[in-house]
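Read top to bottom, the protein sequences are chains U and E. So the first sequence is residues 1 to 225, counted in the working numbering. So the second sequence is residues 1 to 236, counted in the working numbering.
Any given hint could turn out to be false.
Unchecked claim - Pulled a few chain E residues facing chain U out of the computed Cβ check, cut under 7 Å:
1) Ala80
2) Leu84
3) Gln88
4) Tyr92
5) Phe103
6) Val106
7) Val174
Stated by the list, open to error - Think about it this way: if two alpha-carbon atoms lie no more than 25 Å apart in a straight line, the pair counts; the simulated SDA-like pairs of lysine to any residue are:
8) U/Lys2 to E/Ala205
9) U/Lys2 to E/Gln111
10) E/Lys215 to E/Glu11
11) U/Lys7 to E/Glu11
Stated by the list, open to error - Simulated restraints, written as ranges between beta carbons of each label pair:
12) U/Leu217 to E/Asn226: 27 to 37 Å
13) U/Ile168 to E/Asp133: 51 to 61 Å
14) E/Gly25 to U/Gly205: 49 to 59 Å
15) E/Arg141 to U/Leu39: 20 to 30 Å
16) U/Ala164 to E/Gln171: 53 to 63 Å
17) E/Lys215 to U/Ala206: 47 to 57 Å
18) U/Ala96 to E/Gly206: 38 to 48 Å
19) U/Asp128 to E/Val16: 52 to 62 Å
20) E/Gly206 to U/Leu171: 41 to 51 Å
21) U/Ala96 to E/Lys130: 34 to 44 Å
22) U/Ala116 to E/Thr60: 46 to 56 Å
23) E/Asn42 to U/Leu179: 46 to 56 Å
What the hints contain is simulated information worked out from the structure, not anything from laboratory work. Glycine included, each C-beta is placed from N, C-alpha and C at the ideal position.
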Amino acid sequence: MKTPFIKSVAAILSKDLRAEIRARELVSVMALFSLLSVLVFSFALELDRGAREEAVSGVLWVTLIFASLLGFNRSMAQERDQGNLDAMLLAPVSRAAIYVGKLLGNFIFTLIVGLALLPLMTALYGLDLLNGWVIITTVVGIFGFATIGTLLATLTVQTRAREALLPIAMLPIVLPFLLTAVRTTKGILSGAPAAEWQGPLGMLGAICVIYLALCLLLYEYVLEA
Amino acid sequence: MNDERPIIEAENLSKVYGSLPVLHGLSFSVARGEFVALLGANGSGKSTLLRLLSGLSKPTSGAVRIGGWEMPREAMAVRAQIGLVAHQPLLYENLTARENLDFFGVLYGIQRDERERRIVELLIAAGLRKRADSLVRTFSRGMKQRLSIARATLHQPDVLLLDEPYSGLDQAAVERLDEMLGAAIAGGRTIIMSTHQLERIPPGAGRALALSRGKISFDDAIGSRNLSEIYRSASA
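Kindly produce the complete structure, drawing on both the sequences and the hints.
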């Protein structure tokens, strides 16, 4: 007897949202890191407005990837440290449901931070990051990070050096995705013709689908490992 | 499931972590409704054995069957029949006692009305009714352990695996836990309980299974035997 997939996903997601609303352990850490990161970059690049405009999409995505690494690590550490991952694994729930539940939680928490960054960076960097296409790119990019990050955090959280291992494992894998996100955002912000950035944006979406499919297939093996 | 067949069967069960052998070729079976006291010194392999029986860990070699299903390959079929109380409480600190039980109730596929009824019953049995809506992070070790047993029995499993459930509890918590365990025994559950506190083994416990350095050093009915002697010989 297996508990229905959707019910299991909804229960895991609702549990994560409720716990985060109470503890504010994930979003607050990610938000604080992101705030400091964009402020540091803003001051560092202040003297050269051209360079700042050139670098803004890179600053956005580098900030988001490192903030998400913090969040994914803490999210899985909360499951691991109290043995709750074992408790979930004991239940008649598909491993894919556990993955999707955790993925959606990670996605929502990182998205909150990502969407809060856009107006802040608009004010600091003088470029309109509240453009609809930038928002779509941010949503797609964060979903891509969350797919891979949730899988790898499950693997690395079982090790003693988990804080160091997650970036080491994740950054090489998401580098092409990260560069595509930077390129897409840069194209949108520079006012380039849509044909120049819609291709990369479509590619981001396609990579998300591939990441998701691979992670769903691999998650059970990662849990066993 | 066939009632005459042992509910738990282990055949030549071995577990190696890296290059460290923890269990060596254990073979035993447990009848339905039996209470087995699992004894042995620290590091003798008790927790590893319970993890293998629960399907949380894979044996390096050998086989475990619960209710005729092979673990962990066919674990999904029997997960709802197993309850585990581990060293850690396996509870979410930032959820209330009720929310914790409700969450696990959903994962075990218990329908809402039935879930709510059982949660209230278990909270009363655990002496936590008044703290049902308090966050678990505000609970004492004893309260968490009682809630942990409520979590493990919420889905009314046939097999209850208890790993040192009495460790770190004060007298009041011990007595409350005795009551909960007594109710589980009276309910006809098959129970394997590892413990160093021999006085906590219920008088009706039928059998002791002692491990020493990953091997079975004693496996027999307790009867009139002295548990301390069994424990000492197993730990030697």
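Right, here's what the structure says about each hint:
A cut of 7 Å between beta carbons decides the hint on E/Ala80: the least distance to chain U is about 5 Å, and the hint holds. Of the supplied interface hints, the one on E/Leu84 holds, with its beta-carbon coming within about 6 Å of a beta-carbon of chain U, less than 7 Å. Proximity of E/Gln88 to chain U holds as hinted, the smallest CB-CB distance being about 4 Å (cut-off 7 Å). The restraint placing E/Tyr92 at the interface with chain U holds, with a minimum CB-CB distance near 6 Å, inside the 7 Å limit.
At its closest, the beta carbon of E/Phe103 sits 5 Å from a beta carbon of chain U; the interface hint therefore holds under the 7 Å criterion. The restraint placing E/Val106 at the interface with chain U holds, with a minimum CB-CB distance near 4 Å, inside the 7 Å limit. A cut of 7 Å between beta carbons decides the hint on E/Val174: the least distance to chain U is about 22 Å, and the hint is violated. The straight-line distance between the Cα atoms of U/Lys2 and E/Ala205 is roughly 33 Å, outside the 25 Å bound, and the hint therefore fails.
Restraint check for U/Lys2 and E/Gln111: the C-alpha separation of about 13 Å stays at or below 25 Å, so the hint holds. With a C-alpha separation of about 13 Å, the suggested pairing of E/Lys215 with E/Glu11 holds against the 25 Å cut-off. With a C-alpha separation of about 36 Å, the suggested pair U/Lys7 and E/Glu11 falls outside the 25 Å cut-off, and the hint is violated. Between U/Leu217 and E/Asn226 the beta carbon distance is about 54 Å. The supplied range of 27 to 37 Å is therefore violated.
Between U/Ile168 and E/Asp133 the C-beta distance comes to about 42 Å, which lies outside the given range of 51 to 61 Å. A hinted range of 49 to 59 Å holds for the C-beta pair E/Gly25 and U/Gly205, which are about 53 Å apart. Remark: the range hint 20 to 30 Å for E/Arg141 to U/Leu39 is contradicted by a beta-carbon distance near 43 Å. Checked against the hint of 53 to 63 Å, the pair U/Ala164 and E/Gln171 fails, with Cβ atoms roughly 44 Å apart.
At roughly 55 Å, the beta-carbon separation of E/Lys215 and U/Ala206 lies within the given 47 to 57 Å, and the hint holds. With their beta carbons about 41 Å apart, U/Ala96 and E/Gly206 fall inside the hinted range of 38 to 48 Å. The hint said 52 to 62 Å for the Cβ distance between U/Asp128 and E/Val16, and at roughly 60 Å that hint holds. Distance hint check for E/Gly206 and U/Leu171: the Cβ-Cβ separation is about 56 Å, which falls outside the suggested range of 41 to 51 Å.
Taking the beta carbon of each, U/Ala96 and E/Lys130 are about 39 Å apart, inside 34 to 44 Å as hinted. Against the hinted window of 46 to 56 Å, the Cβ-Cβ separation of U/Ala116 and E/Thr60 comes to about 49 Å, which satisfies the hint. A beta carbon spacing of about 51 Å between E/Asn42 and U/Leu179 agrees with the range 46 to 56 Å that was offered as a hint.
Checked against the numbered hints listed earlier, the structure breaks hints 7, 8, 11, 12, 13, 15, 16, 20; every other hint is satisfied.
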